[in-house]
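Chemist: Build out the structure end to end from the sequences listed, making use of the hints.
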Amino acid sequence: MTDGTRVFVPADTTALSLGADAVAATLRREAAERGDAIELVRNGSRGLYWLEPLVEVEVGGQRLAYGPVTANDVASLLDAGLLGGADHALALGPTESIPWLAGQSRLTFARVGVTDPLSIDEYRAHDGFRGLEKAASMTPEEIVAEVTESGLRGRGGAAFPTGIKWNTVLQTDAGQKYIACNADEGDSGTFADRMIMESDPFVLIEGMAIAGLATGATMGYIYIRAEYPLAIRVMREAIERAEAAGLLGGNVLDSGRDFRMEVREAAGAYICGEETSMLESLEGKRGMIRFRPPLPAVKGLFGAPTVVNNVISLATVPIILDKGAEYYRDYGSGRSRGTLTVQLAGNIKRGGLVEIGFGRPLRELLYDFGGGSATGRPIRAVQAGGPLAAYVHPSQFDTPLDYEEFAAIDAMLGHGGLVVFDDTVDMGEQARFAMEFCAIESCGKCTPCRVGAVRGVEVIDKIRNGENEALNLELLRDLCDTMVSGSLCALGGMAPFPVISVLDHFPEDLGTLAVARRPEENPG
Amino acid sequence: MPANDARTADEQAMTEPDRQTRQTIRAIAESGASQAGALLPILHSIQDELGYVPEAAVPIVAEVLNLSRAEVHGVVSFYHLFRTDPPGKQTLYVCRAEACQSMGSRELERHARERLGIGYHETTADGRFSLEPIYCLGNCACSPAVMIDEDVYGRVTPERLDELLD
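So the protein lines, in turn, are chains A and B.
Oh and the first sequence: position 502 is 502 in my numbering, straight run, nothing missing.
Oh and the second sequence: position 61 is 61 in my numbering, straight run, nothing missing.
None of these hints come from the bench; they were simulated from the model.
From the three backbone atoms N, C-alpha and C, an ideal C-beta is built for every residue, glycine too.
Errors might be hidden in some of the hints.
[To be verified] Which bits of chain A does chain B cover? Going by a derived footprint, with three or more residues having C-beta under 8 Å, they are:
#1 79-88
#2 181-194
#3 282-292
#4 417-425
[Unchecked claim] Over the 10 Å line for every Cβ pair with chain B, so calculated as not near, a few chain A residues:
#5 GLU52
#6 LEU92
#7 SER119
#8 ILE164
#9 GLY216
#10 GLU265
#11 ASN347
#12 ARG360
#13 ALA374
#14 GLU441
[To be verified] Restraint-style ranges between C-beta atoms, simulated for each label pair:
#15 LEU471(A) / LEU164(B): 43 to 51 Å
#16 PHE291(A) / SER31(B): 32 to 40 Å
#17 ALA56(B) / ALA91(A): 55 to 63 Å
#18 GLU150(B) / PHE291(A): 13 to 21 Å
#19 ASP149(B) / SER76(A): 31 to 39 Å
#20 THR157(B) / ASP426(A): 15 to 23 Å
#21 THR24(B) / HIS126(A): 40 to 48 Å
#22 ILE440(A) / ALA70(B): 57 to 65 Å
#23 GLN171(A) / ARG128(B): 53 to 61 Å
#24 THR157(B) / GLU458(A): 41 to 49 Å
#25 ALA70(B) / ALA245(A): 17 to 25 Å
#26 ALA56(B) / GLU262(A): 50 to 58 Å
#27 GLU150(B) / ILE440(A): 41 to 49 Å
Modeler: Take a look at the structure:
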C-alpha cells in the first residue's frame, strides 16, 4: 500500500507558523536526492507545541518523534538514518511515550495529530463514525439521555449541561431546527477548537450529525472566526468529502434521516462568540446581543429551536456515544465530569494542548506539564478562562481544575485556556487592557458596557497616574459593579472580573493606596 | 458608449472601472442572494474579490437583498474585518491579545508601527503594507504571533518581523 517509509510533518497553524512547510519541502527534496522512498503525510499537530515542527517517522508500526525540527536539520536527520528511526540530537523516542503526552487522557483529541485530517478512511480506521452509527440506531430520546448521563457540560466556557440543552430543543415542536456550532474561538489562550477543526474535522462533523439526529435538526452551521483561514478551508473540504461519502445529506449513514452542514465565516467581532450575537451574525445582521428568554433552544436561528454548542462539546459527543456515558463520566471530579482540554499558553516553557480528567491542581499544569515560564522567571499571574476572567495569583495555584472550585475563588475555569505571565508583567496595564478590549468589542447594546468600558480605561489611567487615587479606586469598584449587574451578556458582565482580580490580588501594581484598600478577605 | 435613458446622471458620469466594479458587486450579490443569512457571505465574497467593500457596494447589495442601505452599512461598519478602503499589497496583522502580551507583543507592536511608519488601520505610502490589530490567531503557545495575509508566524521577535517584511 505504501511506497516508502511514512514520515509525518504537521500542517496545523502553529506548526506552519514555525516553518513546517519548509521542513516538508526540504524533506521531500533531500529524500529524493538520496533516493530514499518516503510517503510524506501532513498530519495535524499532537499539540506538543514547544516541540513543533514535530516530525514523526513510522518504523516497525511505531511512531518515533523528532523535534523541534527546522529545515536546516533535515539533511543531518536523514544522514543519521531518520527513516530507520536512528538516534539524533533531536530524537524524542516513541511519540506516545513522551511523558507530556503519555500523562494525558486523550478522549476528544484521540486522533488529533495522529491521522491525515482529511482522510475519511483513516478517520474510520481510528474508530471514527462509531458514535454516529450507534446514534443512527437509537431514538432521539435515547441519544439525549446518553449525553445527559455523561455529565458533559459546555466546553466553550459557560459549562451548561449539554444534554439539558439538547432536550429542550428535542421537546420544542417546530418544522425546522438547527445546530449552530460556535467556532468563534476569540479568547486569547485558546486554540483547542482550531486544533479540532484543522486536525480532526470529521469528529466535529460526526458530533454535529449526532446532535441533529438527537434533536430533529436537519441543518448545521459552523460559525468559524475569520482569523482562522486554515480551519475554514479544512472544514469546508471535510464537509464536501463527508457529503460525497453519504455521511451527510438526505440519508445520513442510511438512517433515512437528513442532515446537512455549512461553514459560515465570521468577520472579526469578538462579541459574536456570545451565542445570541452569533445567531444574529449567522442571520446576516450586526452581532447585537439578544434578550433571553426566549432561549436559543426555543427560539434561536431564524426563529427556530437551535442547539448552540462549542466545538469541543460537539467533538466530544462521538466518543460518548461510542464508549458510553459511564466511560466518559468516570473521568473528572465533583460535578465536572470527563476531560478538560487545557491550553497552556503565553509565557510558558512547554506550551500546548493537555487533555486530562478534571480535578488536577492548576500548579501541576503550570509546572509539571508546562515546566514553568518560558523566560525562566517566576510565574506571577495566570489568566484562566479567557480575557473576561480573573487573573489567578500564585497563592491560588493549588486550586483543582474543576468548574466549581474555580468559581469558589472568584475565578473561572471556562474553556481551560491558561495564559501565563512572568514577574515582569504590569498588572495595572493588564487591568487597563481588560477595559480597553471591552470598549473595542462592545456591541453597544447595554450602556454599562458601551460607556462603562471607556470610563474604566480613563479611571484606571488616573489611578496609575496617581490622580485622586482614593476617589478613583472607589469609582473603579463602583463602575465594575455597575457593569457586572447592568449588562445583558458576558462581555460587559464579566470584563470587570480581571480588573477586580487585580484590585484584590495585585494591588501593588496600582499604587500604595490600592494596597491599603485591599479587602481583608483577599490577602494576596 | 450609446446613451442609455435608464441611467442616472451619476451613472453616466461613471468611469469604466467604476462600472466594472459595480457589475462585479451586483453579480456577487445576485449569486449569493438565495442563501439564508446572505449578507455576511456576500460581503466576504466582495472583499475576497476586490480587497475591500467599497461604499458603492452598499446600495447595490441593499437593493439585491431588499434591505435598507442603513442595514447594510450597519453590518459593514460593525465587523472589524470588513474594510471600506483598498488595502496595501499585503496586510500585516499583529496580535494584541493577552497571550502575546505575556511574550512581548507590546514591544512588537511598537516596532511594527515604527518600521512601517504608520499606525493601525493605515497603509504605507508606497502601498506595500496595511497594518491591522488582531485579537488572537489561536497561536497562543508560540507567542507573539503575527499574520501576513493568511500566513501565521509564531515567536516573532522584532528582528524576525524585519525579515518577514523585507
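Chemist: Decide, hint by hint, whether the structure agrees.
Modeler: Verification of the hints:
no.: 1; hint: 79-88; verdict: violated (count 0)
no.: 2; hint: 181-194; verdict: holds (count 9)
no.: 3; hint: 282-292; verdict: holds (count 6)
no.: 4; hint: 417-425; verdict: holds (count 6)
no.: 5; hint: GLU52; verdict: 7 Å, violated
no.: 6; hint: LEU92; verdict: 17 Å, holds
no.: 7; hint: SER119; verdict: 23 Å, holds
no.: 8; hint: ILE164; verdict: 27 Å, holds
no.: 9; hint: GLY216; verdict: 18 Å, holds
no.: 10; hint: GLU265; verdict: 6 Å, violated
no.: 11; hint: ASN347; verdict: 4 Å, violated
no.: 12; hint: ARG360; verdict: 19 Å, holds
no.: 13; hint: ALA374; verdict: 7 Å, violated
no.: 14; hint: GLU441; verdict: 8 Å, violated
no.: 15; hint: LEU471(A) / LEU164(B): 43 to 51 Å; verdict: 47 Å, holds
no.: 16; hint: PHE291(A) / SER31(B): 32 to 40 Å; verdict: 35 Å, holds
no.: 17; hint: ALA56(B) / ALA91(A): 55 to 63 Å; verdict: 59 Å, holds
no.: 18; hint: GLU150(B) / PHE291(A): 13 to 21 Å; verdict: 37 Å, violated
no.: 19; hint: ASP149(B) / SER76(A): 31 to 39 Å; verdict: 33 Å, holds
no.: 20; hint: THR157(B) / ASP426(A): 15 to 23 Å; verdict: 21 Å, holds
no.: 21; hint: THR24(B) / HIS126(A): 40 to 48 Å; verdict: 45 Å, holds
no.: 22; hint: ILE440(A) / ALA70(B): 57 to 65 Å; verdict: 23 Å, violated
no.: 23; hint: GLN171(A) / ARG128(B): 53 to 61 Å; verdict: 58 Å, holds
no.: 24; hint: THR157(B) / GLU458(A): 41 to 49 Å; verdict: 33 Å, violated
no.: 25; hint: ALA70(B) / ALA245(A): 17 to 25 Å; verdict: 45 Å, violated
no.: 26; hint: ALA56(B) / GLU262(A): 50 to 58 Å; verdict: 29 Å, violated
no.: 27; hint: GLU150(B) / ILE440(A): 41 to 49 Å; verdict: 23 Å, violated
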